[in-house]
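Number of protein chains: 6
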Amino acid sequence: MRLLYINPNSTVSMTEGVVAVARAALPEAEVTGWTNHDGPPAIQGPEDGAAAVAGVLALLPAARHEGVDCIVIACFDDTGLAEIRGAAHCPVIGIGQAAFHMAVLLGHRFSVVTTLAVSVPVIAGNVASYGFGGHCAKVRASGLRVLEVDEGSPATIARLAEEIALAESQDGIGAAVLGCAGMASLLPVLRDRTGLVLVDGVAASARFARALVGP
Amino acid sequence: MRLLYINPNSTVSMTEGVVAVARAALPEAEVTGWTNHDGPPAIQGPEDGAAAVAGVLALLPAARHEGVDCIVIACFDDTGLAEIRGAAHCPVIGIGQAAFHMAVLLGHRFSVVTTLAVSVPVIAGNVASYGFGGHCAKVRASGLRVLEVDEGSPATIARLAEEIALAESQDGIGAAVLGCAGMASLLPVLRDRTGLVLVDGVAASARFARALVGP
Amino acid sequence: MRLLYINPNSTVSMTEGVVAVARAALPEAEVTGWTNHDGPPAIQGPEDGAAAVAGVLALLPAARHEGVDCIVIACFDDTGLAEIRGAAHCPVIGIGQAAFHMAVLLGHRFSVVTTLAVSVPVIAGNVASYGFGGHCAKVRASGLRVLEVDEGSPATIARLAEEIALAESQDGIGAAVLGCAGMASLLPVLRDRTGLVLVDGVAASARFARALVGP
Amino acid sequence: MRLLYINPNSTVSMTEGVVAVARAALPEAEVTGWTNHDGPPAIQGPEDGAAAVAGVLALLPAARHEGVDCIVIACFDDTGLAEIRGAAHCPVIGIGQAAFHMAVLLGHRFSVVTTLAVSVPVIAGNVASYGFGGHCAKVRASGLRVLEVDEGSPATIARLAEEIALAESQDGIGAAVLGCAGMASLLPVLRDRTGLVLVDGVAASARFARALVGP
Amino acid sequence: MRLLYINPNSTVSMTEGVVAVARAALPEAEVTGWTNHDGPPAIQGPEDGAAAVAGVLALLPAARHEGVDCIVIACFDDTGLAEIRGAAHCPVIGIGQAAFHMAVLLGHRFSVVTTLAVSVPVIAGNVASYGFGGHCAKVRASGLRVLEVDEGSPATIARLAEEIALAESQDGIGAAVLGCAGMASLLPVLRDRTGLVLVDGVAASARFARALVGP
Amino acid sequence: MRLLYINPNSTVSMTEGVVAVARAALPEAEVTGWTNHDGPPAIQGPEDGAAAVAGVLALLPAARHEGVDCIVIACFDDTGLAEIRGAAHCPVIGIGQAAFHMAVLLGHRFSVVTTLAVSVPVIAGNVASYGFGGHCAKVRASGLRVLEVDEGSPATIARLAEEIALAESQDGIGAAVLGCAGMASLLPVLRDRTGLVLVDGVAASARFARALVGP
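Protein chains in written order, with numbering that gives the first Met the number 0: chain A, 0 to 214; chain B, 0 to 214; chain C, 0 to 214; chain D, 0 to 214; chain E, 0 to 214; chain F, 0 to 214.
Honestly, the hints are just simulated from the structure, not real lab data. Even glycine gets a Cβ: it sits at the ideal position worked out from N, Cα and C. Do not rely on the hints blindly, as some may be mistaken.
Claimed, not checked - Just so you have them, the derived chain C footprint on chain D, three or more residues with Cβ under 8 Å:
1. 19 to 31
2. 51 to 64
3. 179 to 189
Stated by the list, open to error - Under 8 Å between C-beta atoms, here's a sample of chain E residues computed to sit facing chain D:
4. 151
5. 154
6. 207
Said to hold, decoys possible - Only pairs whose alpha carbons sit at most 25 Å apart, straight line, appear in this in silico BS3-like list of lysine-lysine:
7. E/137 <-> C/137
8. F/137 <-> B/137
9. B/137 <-> D/137
10. E/137 <-> A/137
11. A/137 <-> C/137
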């Protein structure tokens, strides 16, 4: 199976991190990652998201030409998901969408821990419009910028672990969803720190891609 | 106020029809219409919608340069609304969205009469994700193609009137929403034929644009 | 266009304040304000709201006789909206309803900042029954009484600005809705203080009234 | 327990029929019925409902003076429920509301069979705003006027039985809710004809009134 | 009327406490309580709930043989409600379900105060799936274990009163629902302490049982 | 991966059919199927479902002992899903749940075609409580009994194809979900007949099981 992650932002290191996590989650697939060089360096809020859509759409003909079997939008905001899905020759899922479905299929009510407050309305709006409002307790901002998250310093990890612990103690949940593509590689250390079930949309999307496409 | 209608499809006559209706609804505004020449000739289903997004996004810098005060996406599917809104320098509304808000503010439960069945899931999904599921009885396909609707032959008018009458007798509604930009100019004749309150998203969007932007 | 604001409470200064804001928002309309002298001095909670309905309904024949084109219920609780709408000869909207539609059409997820805690369930119930549950983060009580708000002392402004700032930092929103008719005249100063997009239902209702009625 | 049914319409025979059904459902209560002589002869659509609210509200002081323990609004539209509840000194329920809660507590997904199509949006709106959208399959109009239903001729019974049978065969339900106060006395004969579980809001409200008030 | 409370957990003192509250709420009924000796000593989280279902189902033939008229699942999680209802010969309600319906019929938006955080997702999930998401502000954990609640020490009462007071001051509600069968007997003292309307599902279920079954 | 299908009904041929479809969908897994010999021969309506839960729960210790990695409830009603999930040592999904998630992740609005009308409220209730009400157009009964479906005669296939064609022409959908475990093996022939995207919960659950469990 040829699985393509399209990173809507232009930060190549984020694409590489996403591909590494996806390959670990689905070793038998041929996972590739494309960076949207026309996008903003990070997607923080709806303006950044919108600025990324055209560049992502422009990559679809090449994806079709390469015979890609499934496309994943590698931004937790699922930016442009409906439009990209409509334009693509194959199934398209978003890492936010994948994370929500994974938490629900595992039987958990969840909170999301994301980066800046500017992303909270986008994510909360997605949760509501997908129909998962009854499964989601809260969308929480850590106050960390996307690129800070991507760097993964000890201070960043501590801040995320702290917010996850707050979610666990205050929100009445069974799992926390990591609300940024850049958090995917931090899942093991955060799970060790917090002891809570954590769901990452990058690994989830890889696994769902195989579920959708087979074999 | 400078009000810009962007027609996501490439059919110039539809743009012209939309602009005429908008100007009649809001004579004091400076209404212009741009056609997305990179789009499909009509938007029938999600693939067509997606194929239109990049072209619409590409028009935004010019819209900003022209000092446009509000942008309306002139397709009832509200294609790319979230993304275009995020990228724009001014408020952006869709004609589907505008029609639903108008029906609700007028106090009516409504059904939608649209073109082909392929558009029903797109519209029904929008209604649900906007939160208007409790206000909408049914989304009905007339079986007419978008360009047939745009031509507005007597047979087309008869078919639409028939479907509106079915909605009135079967759906328990107070208003019918015309579910295609091309139906806007047919509203007077359809109202005469059916006697039901009809809501058209083109006129609604012009009026809401002024409400959002003022004065 | 003849636009009538009916203040369900008996405080004439609030009616005057509402009319002033509405006229500023819609200078070309003939805006009048009627006070329900049979209502309580302020509407704080469902009992006050109910005590006001009969008096408002009793004003409808005169409104019809005056040839009013649109009626606005000038209480953020939208008290009696469904019933008044049913009895009126023209469209009827509420300032709460108008504020929610305005925030949503502008593309914002929002929180509401209102007066006393006793009004929170009324407003939250309205938000849910209108279908805007997925767009509204939280309804917040400032602890201020309606008539305190109407006086608009520096302490009142400081308290409101503080609660708006809390909403901005904690709720993940793009706009705050001012949840009391008496806050309408404070919008400019509160916007200067907070920097957040603020939505006031009095101005919103004036603009929507014109959108509904035209031209 | 003193239980008061307020019939929002001015047809005394309907009040008497409602009281008879309520007394049969709750023999130990002191059930009285008041007719709103200021209301329309029947409530068919939102205008009629609104025209009835002021008259009902005007009866509340007398109800308080009589020491009534619970008030039931004896119209399936639950007209003015929120406002009357706010103004009353005791719990207030509507017969529509009571019927929906009864069907749900009995574990049934249901359809409603009501009178004219003009009442369908009111009832469907109530169902949605109460949160029962997921429990209700359809609101069906029988095409019968309220006063025809109240007369209960053989033709009326046949028409209702026919619509209930359609609901059973097409809607995938476990119960049908009788969507008009005037159908309450027809429940036994309709149950014999159809074999389906039928829920009547008059009897349901009497029983819930006792549940709310005790002992 | 023969009314059977089935306590899904194996703690006999809880069964006895529940029966005492139900008898006080419905003195004319013949109330019995059965303990599921195959269940866990307390139901704290979904695992405990699931471990209790088979034992409860095994009691149904005896309930039928005894001619029971209505069964109440005496755990606030309503564990196994759908399945037990399907298998039973008579109506089945849960005390959580009953409490939510009671608060709604009384006209209140509510918060729930329960025991441990592990029960919050179960209760919040029930609220959402029943359709009461728009009526419920928050599900709050007191941090008390079920058996601590059952003992009802002064410290327990103080903790519950404190959490109820927080709900009243922060959640914008008209009533608090006591979210554990073991809190039923504490209702009078908690009401005296807090002054808020409190709803207990044990008494509510007894009263609704009579409403469902009659006479 | 050890994947266990538990058939809640006692018809061994249905278990065998389900296992065959699951193995074809996930050849690398070790798929086994257990039949609930204490269940009814087919699950048609809530009573049958409830009668099956205890027997399914009784199989869980053996499943744990066998080291099963994921359990699938092989009945489209997802009978007992919440309870079985709570009691199990590993993830548990239902074939109805899996089918809905699959349709949604593929981007389709869907209708369900099931067996008898008695199953419609169960399935529609599940759809609503899972949050997929906005994605599902209609739950349709074919009028076929479960065991008729399992036999798969030409007349049965013709009836199912007819109902799927009705769903396609009337419901405005992108996919039809096969609403019975016994339909899984008929998917290829039905797809050939109808040309519509069809989703079967047995194959979907096998693929999701791998997504949840890995590797």
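If you look at each residue in the region 19 to 31 of chain D, do at least three have a Cβ nearer than 8 Å to any Cβ of chain C?
-> violated (count 0)
With a C-beta cutoff of 8 Å, work out whether three or more residues of the region 179 to 189 of chain D approach chain C closely enough for the coverage to hold.
-> Violated, because only 0 residues of the region 179 to 189 of chain D bring their Cβ atoms closer than 8 Å to Cβ atoms of chain C.
Does the region 51 to 64 of chain D contain three or more residues whose Cβ lies closer than 8 Å to a Cβ of chain C?
-> As far as the region 51 to 64 of chain D goes, the hint holds, because 4 residues have Cβ atoms under 8 Å from chain C.
Given residue 151 of chain E was flagged as interface, is its beta-carbon under 8 Å from a beta-carbon of chain D?
-> Because about 23 Å separates residue 151 of chain E from the closest Cβ in chain D, which is outside the 8 Å limit, the hint is violated.
Take the C-alpha atoms of residue 137 of chain F and residue 137 of chain B, compute the straight-line distance between them, and say whether it is at most 25 Å.
-> Cα-Cα ~11 Å, so holds.
Taking only the CA atoms, is the gap from residue 137 of chain B to residue 137 of chain D under or equal to 25 Å?
-> holds (11 Å)
Does residue 137 of chain E pair with residue 137 of chain C here, judged by a C-alpha cut-off of 25 Å?
-> It holds: about 11 Å lies between the C-alpha atoms, which stays within 25 Å.
Would you mind confirming whether the straight-line C-alpha gap from residue 137 of chain A to residue 137 of chain C stays at or under 25 Å?
-> The hint holds at about 11 Å.
Agreement of residue 137 of chain E and residue 137 of chain A with the hint, judged by alpha carbon distance not exceeding 25 Å = holds (11 Å)
May I ask you to test the interface hint for residue 154 of chain E with respect to chain D, counting a Cβ-Cβ separation under 8 Å as satisfied?
-> violated (31 Å)
Using Cβ atoms only, decide whether residue 207 of chain E comes closer than 8 Å to chain D, and label the hint accordingly.
-> holds (5 Å)
Violated hints, listed in ascending order, are 1, 3, 4, 5; each of the other numbered hints is respected by the structure.
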